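> With these hints in hand, go ahead and build the complete structure from the sequences.
Line by line, the protein sequences give chains A and B. Everything in the first sequence is counted per our numbering, starting at 3 for the first residue and increasing by one. Everything in the second sequence is counted per our numbering, starting at 6 for the first residue and increasing by one.
If you are wondering where the hints come from, they were derived from the structure by calculation, not from laboratory data. Hints are all accurate, no fakes.
Some chain A residues judged to face chain B by a derived CB distance under 7 Å, without partners named: (1) Glu12; (2) Trp58; (3) Ser129; (4) His158; (5) Phe159; (6) Thr160; (7) Val162.
Facing chain B, according to a computed beta carbon distance under 10 Å, are these residues of chain A, among others: (8) Gly11; (9) Cys13; (10) Gly42; (11) Leu48; (12) Ile57; (13) Ala60; (14) Ala62; (15) Cys130; (16) Gly131; (17) Thr161.
In this text the structure is predicted, and so the values were computed from the model without any measurement. Each residue gets a CB set at the ideal place from its N, CA and C atoms; glycine is no exception.
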Amino acid sequence: MTPILLYDGECGFCRRIAHWVQKAATPASGPPCLVVRAIGEDPAALYLLSPQLTIWEAYAAPHVLMPDGSIKRAGEAIAEVFRRLPSTQWFAGIFAVTIGGVQPFQIMLNGATTMLADIRPLFGCESCGEPSPWVKPLLWISHRLKSPASPAPAPHFTTVRPAPAPPA
Amino acid sequence: MNDSDMQVDPITTVTAATFERMVLQADRPVAVEFMSYACAHCGAIEPALQHAAAVLATQERVFRVNIALDPDLARSFAIQGTPTIVLFRGGREAGRVEGPLPTQSSVLAALTDPFEA
Numbered sequence: 003m004t005p006i007l008l009y010d011g012e013c014g015f016c017r018r019i020a021h022w023v024q025k026a027a028t029p030a031s032g033p034p035c036l037v038v039r040a041i042g043e044d045p046a047a048l049y050l051l052s053p054q055l056t057i058w059e060a061y062a063a064p065h066v067l068m069p070d071g072s073i074k075r076a077g078e079a080i081a082e083v084f085r086r087l088p089s090t091q092w093f094a095g096i097f098a099v100t101i102g103g104v105q106p107f108q109i110m111l112n113g114a115t116t117m118l119a120d121i122r123p124l125f126g127c128e129s130c131g132e133p134s135p136w137v138k139p140l141l142w143i144s145h146r147l148k149s150p151a152s153p154a155p156a157p158h159f160t161t162v163r164p165a166p167a168p169p170a
Numbered sequence: 006m007n008d009s010d011m012q013v014d015p016i017t018t019v020t021a022a023t024f025e026r027m028v029l030q031a032d033r034p035v036a037v038e039f040m041s042y043a044c045a046h047c048g049a050i051e052p053a054l055q056h057a058a059a060v061l062a063t064q065e066r067v068f069r070v071n072i073a074l075d076p077d078l079a080r081s082f083a084i085q086g087t088p089t090i091v092l093f094r095g096g097r098e099a100g101r102v103e104g105p106l107p108t109q110s111s112v113l114a115a116l117t118d119p120f121e122a
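Below, the structure written as structure tokens:
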């Protein structure tokens, strides 16, 4: 079985990264080294894929479902993606380096992953929820620059995206 | 899949097929959360919503509509975003709350205040 990267398909920022990973994981011939899959909206379908993971947990962070049934989450999942992709595996070993009983590079990657998750609303992810306090001023400035006349979006509410127009 | 294998969800999901019978023809007040699993605000209120559903179990039913799977149902109730909690009594809308704070008191108020107005 091939590892499966689960990502938030409603988040434009996540979709762009997932698209890049999918391209990098797909060789010119042969099967991909990693399956990239949006979480979707069906808890039962996700349960069939991974009984230990609820759909709410899946949306809280990126996950990689491993062939042995284990699950890697957040920074650990990103490190696993780097280990699997042919174009990044040359440096991915650094995340396993242990110094004095800790893995400093994995810790740095965990921090970077948390920071990236925090700043997703700046890149237009309205479904990503309440921004972290440090992101709120940046989000307010970003919103004012993009559309100075319209009011800021409500803080605990995700506006429904209009359905795409049917083809003419 | 065996149903007993999956974690029991205390809030029942209703669909376009079951909405009429379970919500509009219900014999007691009903609260319906229009939500989507991709909406982090919905995830944030979920624990408080489950707590409120348990507290109000004898007075009120709480259901969920996944607007990603039932967009027409959301459109028919003019849902502008998620989470939106719509209260029904006797088959008619009694009120609605958009984007409640993810606290137990706020969600409990969203499920009860419109009925008291």
